[in-house]
Amino acid sequence: NAGVTQTPKFRVLKTGQSMTLLCAQDMNHEYMYWYRQDPGMGLRLIHYSVGEGTTAKGEVPDGYNVSRLKKQNFLLGLESAAPSQTSVYFCASRKSPRTGEEKLFFGSGTQLSVL
Amino acid sequence: GNSVTQMEGPVTLSEEAFLTINCTYTATGYPSLFWYVQYPGEGLQLLLKATKADDKGSNKGFEATYRKETTSFHLEKGSVQVSDSAVYFCALSETSGTYKYIFGTGTRLKVLA
Numbered sequence: 001n002a003g004v005t006q007t008p009k010f011r012v013l014k015t016g017q018s019m020t021l022l023c024a025q026d027m028n029h030e031y032m033y034w035y036r037q038d039p040g041m042g043l044r045l046i047h048y049s050v051g052e053g054t055t056a057k058g059e060v061p062d063g064y065n066v067s068r069l070k071k072q073n074f075l076l077g078l079e080s081a082a083p084s085q086t087s088v089y090f091c092a093s094r095k096s097p098r099t100g101e102e103k104l105f106f107g108s109g110t111q112l113s114v115l
Numbered sequence: 001g002n003s004v005t006q007m008e009g010p011v012t013l014s015e016e017a018f019l020t021i022n023c024t025y026t027a028t029g030y031p032s033l034f035w036y037v038q039y040p041g042e043g044l045q046l047l048l049k050a051t052k053a054d055d056k057g058s059n060k061g062f063e064a065t066y067r068k069e070t071t072s073f074h075l076e077k078g079s080v081q082v083s084d085s086a087v088y089f090c091a092l093s094e095t096s097g098t099y100k101y102i103f104g105t106g107t108r109l110k111v112l113a
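Here the protein sequences come in this chain order: A and B. To convert, note that position 78 of the first sequence is 78 in this note's numbering; the numbers rise steadily by one, no gaps. To convert, note that position 79 of the second sequence is 79 in this note's numbering; the numbers rise steadily by one, no gaps.
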């Protein structure tokens with residue numbers, strides 16, 4: 001069981017470039033999340049999805065877009081990267097709250113630097 | 001809105017010392033409370049949880065009790081090991097509406113041999 005897999009693990013971009021981060025989970029989870037982790041600020045929610053075909057904004061959505069075309073995949077896009085988007089990005093997933101299971105499963109992260 | 005506040009780090013302890021990491025929360029309703037741990041270069045992993053007032057979560061020698069009267073969920077361990085060196089995050093899960101998680105800023109623990 002792979003769990004939550006994020007690709008790529010590292011990336012360096014120039015200001016204005018675009019890229020997509022891929023998150024894949026093999027646990028048939030309904031809910032998926034994208035967080036960014038910055039020193040002294042903990043984890044901040046960028047966007048999340050409560051099911052295939054749905055997305056919603058989190059705490060810091062500006063400059064990012066997401067798509068959930070397939071239940072197992074949650075893509076995070078940066079259309080025009082800015083240095084302020086230098087961060088470590090984590091994807092997470094969980095079962096539907098209807099199951100009573102609340103545990104979040106995290107990927108190992110993507111370290112992104114924007115020069 | 002809901003929020004989680006945890007003590008600033010880093011916390012540096014000698015092996016076998018007692019550990020406390022403070023966490024308080026603000027929430028409407030009755031959230032579930034969690035401690036997650038992040039080892040270097042890895043994603044977060046669930047350490048323990050509590051779902052209602054006076055519940056005690058425990059795992060790997062770590063404990064935390066859900067205190068509704070003080071809105072706290074402090075993490076404790078009686079005797080830390082070098083292998084416990086990591087970043088610890090307190091979090092709450094909203095139990096209605098969007099079911100989002102709110103995380104604290106994290107506390108880095110370094111245990112010296």
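If you are wondering where the hints come from, they were derived from the structure by calculation, not from laboratory data. Idealized CB from N, CA, C, for every residue including glycine. Be aware that a few hints might be false.
Said to hold, decoys possible - These stretches of chain A come out as covered by chain B in the derived footprint (C-beta under 8 Å, 3 or more residues):
no.	stretch
1	18-28
2	102-113
Stated by the list, open to error - Heads up, incomplete: computed chain A residues facing chain B, CB under 8 Å, no partners named:
no.	residue
3	31
4	45
5	48
6	90
7	97
Hints, one by one, checked against the model:
Proximity of the stretch 18-28 of chain A to chain B, defined as three or more residues with a beta carbon under 8 Å from a beta carbon of that chain, is not established by the 0 residues found. Residue count for the stretch 102-113 of chain A with a Cβ under 8 Å from a Cβ of chain B: 7. That meets the three needed, and the coverage hint holds. Evaluation of the residue 31 (chain A) hint against chain B yields a held restraint, the C-beta minimum of about 7 Å falling below 8 Å. Checking residue 45 (chain A) against chain B by beta carbon gives a least distance of about 6 Å; that is within 8 Å, so the hint holds.
Nearest Cβ of chain B to the Cβ of residue 48 (chain A): about 7 Å, under the 8 Å cut. The hint holds. Using the Cβ-Cβ criterion of 8 Å, the hint placing residue 90 (chain A) at the interface with chain B is satisfied: the shortest such distance is roughly 6 Å. For residue 97 (chain A), the interface hint holds, since its Cβ comes within 8 Å of a Cβ in chain B; the closest pair sits about 5 Å apart.
In summary, the structure is inconsistent with hint 1 from the numbered list given earlier, while agreeing with all the others.
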